[in-house]
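S.K.: Sequence:
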Amino acid sequence: MALEPESEPLARALEIARRPDPAWPEIREAALRRIRSLVPPGEPVTVVTAAGSPDRDVAGSRTAVSTRVLAAALRRVLTVSPTHAPRAVDLVVEAGRLERVDLELVVAYGVAVEDLAPRVHVDVRAELVRLLGAGAVAPGAVTLTVVDVVPGDPTVT
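Quick note on our numbering: the sequence shown kicks off at 1 and runs consecutively.
Incorrect hints may appear among the rest.
Estimated spans, in silico, between C-beta atoms of each pair [said to hold, decoys possible]: (1) PRO151 / ARG97: 34 to 44 Å; (2) ASP115 / VAL147: 50 to 60 Å; (3) ALA30 / PRO118: 43 to 53 Å; (4) PRO82 / SER37: 52 to 62 Å; (5) ALA13 / SER37: 36 to 46 Å; (6) ASP102 / VAL156: 22 to 32 Å; (7) ALA30 / ARG119: 46 to 56 Å.
Hint data in this document are derived by calculation from the structure and do not stem from the laboratory. A virtual CB, placed ideally from N, CA and C, is assigned to each residue, including glycine.
Turn these sequences into a full structure, and let the hints steer you where they fit.
M.R.: Below you can see the structure in the form of structure tokens.
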């Protein structure tokens, strides 16, 4: 026996099911707050000229790159080789300028860290110059800490 859509109990149930939940706006906001807390917001970093002044287009607008974009780009650069992988990429930004990059690396067993560190510095600085301009990174602004040594390829998780 099938219930007819016109039956009173079914019609009432459909009407109740279709009503908006009065608590929905509060539930929605609580869910969005939790989601936003999971992914920290990116911070804008100003693109600069070789002289260190903000790079401006013909209309006078400044260009900025998000710290999330910068961190992702640096992670890509740091995973090209099977000798090392990033554990952490921390960007320190003050007044829209990149002040410091702190890197934590996991290195494969047997890799000569004294040879690896200069290569990593060159690669990271080159990527930052490509994204932010020649005057964006001060000498000594990139710090590198080896936090772990693993057998095999550290880029494979």
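S.K.: Next step is simple, just say for each hint if it's right about the structure.
M.R.: Here is what the structure says about each hint:
Between PRO151 and ARG97 the Cβ separation comes to about 40 Å, which falls inside the hinted range of 34 to 44 Å. Remark: the range hint 50 to 60 Å for ASP115 to VAL147 is contradicted by a beta-carbon distance near 18 Å. Taking the beta carbon of each, ALA30 and PRO118 are about 49 Å apart, inside 43 to 53 Å as hinted. A hinted range of 52 to 62 Å is violated for the C-beta pair PRO82 and SER37, which are about 35 Å apart.
Distance hint check: the CB atoms of ALA13 and SER37 are about 37 Å apart, consistent with the given range 36 to 46 Å. For the pair ASP102 and VAL156, the supplied restraint of 22 to 32 Å holds, since their beta-carbon distance comes to about 24 Å. Under the hint 46 to 56 Å, the C-beta atoms of ALA30 and ARG119, about 47 Å apart, fit the expected range.
Of the hints listed earlier, those the structure fails to meet are numbers 2, 4, in rising order.
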